[in-house]
Amino acid sequence: MPTPNESIQLTLNGESHTLAAGLSAADLIEQLGLTGRRIAVEINEQIVPKSQLAQTHLANGDQIEVVHAIGGG
Amino acid sequence: MTPLTDTPFTVAGRAFSSRLLVGTGKYKDFTETGAAIAQSGAEIVTFAVRRTNLGQDADAPNLLDVVSPQRYTLLPNTAGCYNAKDAVRTCRLARELLDGHNLVKLEVLGDDHTLYPNVVETLKAAETLLADGFDVMVYTSDDPIVARELEAMGCCAIMPLGSLIGSGHGIQNPHNVRLIVEQSSVPVLVDAGIGTASDAAMAMELGCDGVLLNTAIAHARDPLRMANAMKLAVEAGRDAFLAGRMPRRQSADPSSPFAGRING
Chain A
1 MPTPNESIQL TLNGESHTLA AGLSAADLIE QLGLTGRRIA VEINEQIVPK
51 SQLAQTHLAN GDQIEVVHAI GGG
Chain B
1 MTPLTDTPFT VAGRAFSSRL LVGTGKYKDF TETGAAIAQS GAEIVTFAVR
51 RTNLGQDADA PNLLDVVSPQ RYTLLPNTAG CYNAKDAVRT CRLARELLDG
101 HNLVKLEVLG DDHTLYPNVV ETLKAAETLL ADGFDVMVYT SDDPIVAREL
151 EAMGCCAIMP LGSLIGSGHG IQNPHNVRLI VEQSSVPVLV DAGIGTASDA
201 AMAMELGCDG VLLNTAIAHA RDPLRMANAM KLAVEAGRDA FLAGRMPRRQ
251 SADPSSPFAG RING
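Protein chains in written order, with UniProt numbering: chain A, 1 to 73; chain B, 1 to 264.
Excised from the complex, chain B in its bound form:
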């Protein structure tokens, strides 16, 4: 039997075998964070940048002790930024934090009720970051025209939302995600809105190159079990996409032959 093969997931010249990217927020503690991420099989892990709590125990554990830059490709994000300037400053701080590492997840949010991407500020920030040598994976709306602009500017991955960040509403407009996949030469990942394994599988069946999620694992009743489910769902969805699904039919089509029936 010929072994099944796939091309690696490649972004900004780096190749990965896992197509699941995960966040590090909302876990009970760092132990659970580390265990869930290990179980998910993810190789790219995103984190946020925040002010250090001064005057507290300087020996307190650090996220990067659990999610080590030696083991994972770290993807600093600009979560919490509502304008281009803050997002650019955050990326530059992250690059300093990670000793020159230049792969970032850009997200510029519109308001704190929807956390919907502000595409005007996102475009501005992307332009500055690209000119400054960053590899920009960009969180955006599922608007194919905006996606095309971001790719033309030089972003290395387009990451449309499936639905609102943290909502778990899955992929609300699969047709738009499909349009973005069809037109893009850089990887497309659904980022935001994944609630359960079938949502992740759907993203991959639509032809996405990967899925980025956080809350679906962290807020599952059993995060480790859900991390495993997401790993399998991304693999299953990818295989289903590569296999090519059967055509849909309006009427039934028996799987057993008519010929040779005992009542024939």
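If we strip away everything but chain A, and leave its shape as in the complex, we get:
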């Protein structure tokens, strides 16, 4: 298990981010202020359903996409 001082590097919406180790996807969404917003999350090209965000732990090198609906035709 990682100690609280360790950090991980991951890619979030195409940009590199450094986060504390041991966070879940739900923790990340909360840090981003997006809890309860209508978003969808994909990690390493796999959908993470809302119901599984809390159980999904982030790992070094993860590629994360957080998307929402915008105007388009």
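Derived from the structure by calculation, the hints contain no laboratory data.
Be careful, since some hints might not be right.
Which stretches of chain A does chain B cover? Using the computed rule of at least three CB atoms under 8 Å from a CB of chain B, they are [stated by the list, open to error]:
1. 32-45
2. 63-69
A few chain A residues that face chain B, going by a derived Cβ cut-off under 7 Å, partial list only [what the hints assert, rightly or not]:
3. Asn-13
4. Gly-72
5. Gly-73
The structure displayed is predicted, hence computed values, not measured ones.
For every residue, glycine included, the Cβ atom is placed at its ideal position computed from N, Cα and C.
The hints should help you fit chain B onto chain A, whose structure is shown.
Just chain B now, with coordinates in the frame of chain A:
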């Protein structure tokens, strides 16, 4: 007088009274988006999926606050995808975004100059999405053979372009659209190229089941007025199609009788 009736527009087992489908892009703001869509009478509304802007105001208004999933049937699209893989990922994200809703508009584009459909990638994406349980309304070229393939695979609506996306050039090849209408058992909708009301009416007069448009309303000088025009044009075109137009003639045919003329 017997009231005029029509069958509902039915796609993937869902029935609708409006045959006009609209997009949500290019509006000045969400207020205008909501008002124009309400005025259009559309019941199916398409939107795009994009990365959330991180670090911005999380309380900023969201498109789905204006175009609510309770009021409209939302149709996520894969606009901006240039290969099958990105289109499939986008549809899966959209399904998660909409709590399992599986009706999507598939479009896989060829290049950013023409936004012409890449039919090879479209066919690949359709195959994967259909196997994954999606109901696929597919944007494609006006090639009747490609349209037939997409229908045979199981796509629930075929949506040929009238002309290039956002061009407003109307229906450039009505004969191809007519061929697709005649051969298809699933709904056919003109998607892309509609510039003004007469283009939408023409699509319906060709026998299309519906019309999908965005820019023609959003970039009209008065979007609300154009939304109303499109609503009426789709209804008028549909009625004209059902009524069956008169035959074209090479010479004139007076509407008033010859008999009883004062100079007779």
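Here is how each hint holds up against the structure:
no.: 1; hint: 32-45; verdict: holds (count 10)
no.: 2; hint: 63-69; verdict: holds (count 5)
no.: 3; hint: Asn-13; verdict: holds (4 Å)
no.: 4; hint: Gly-72; verdict: holds (3 Å)
no.: 5; hint: Gly-73; verdict: holds (3 Å)
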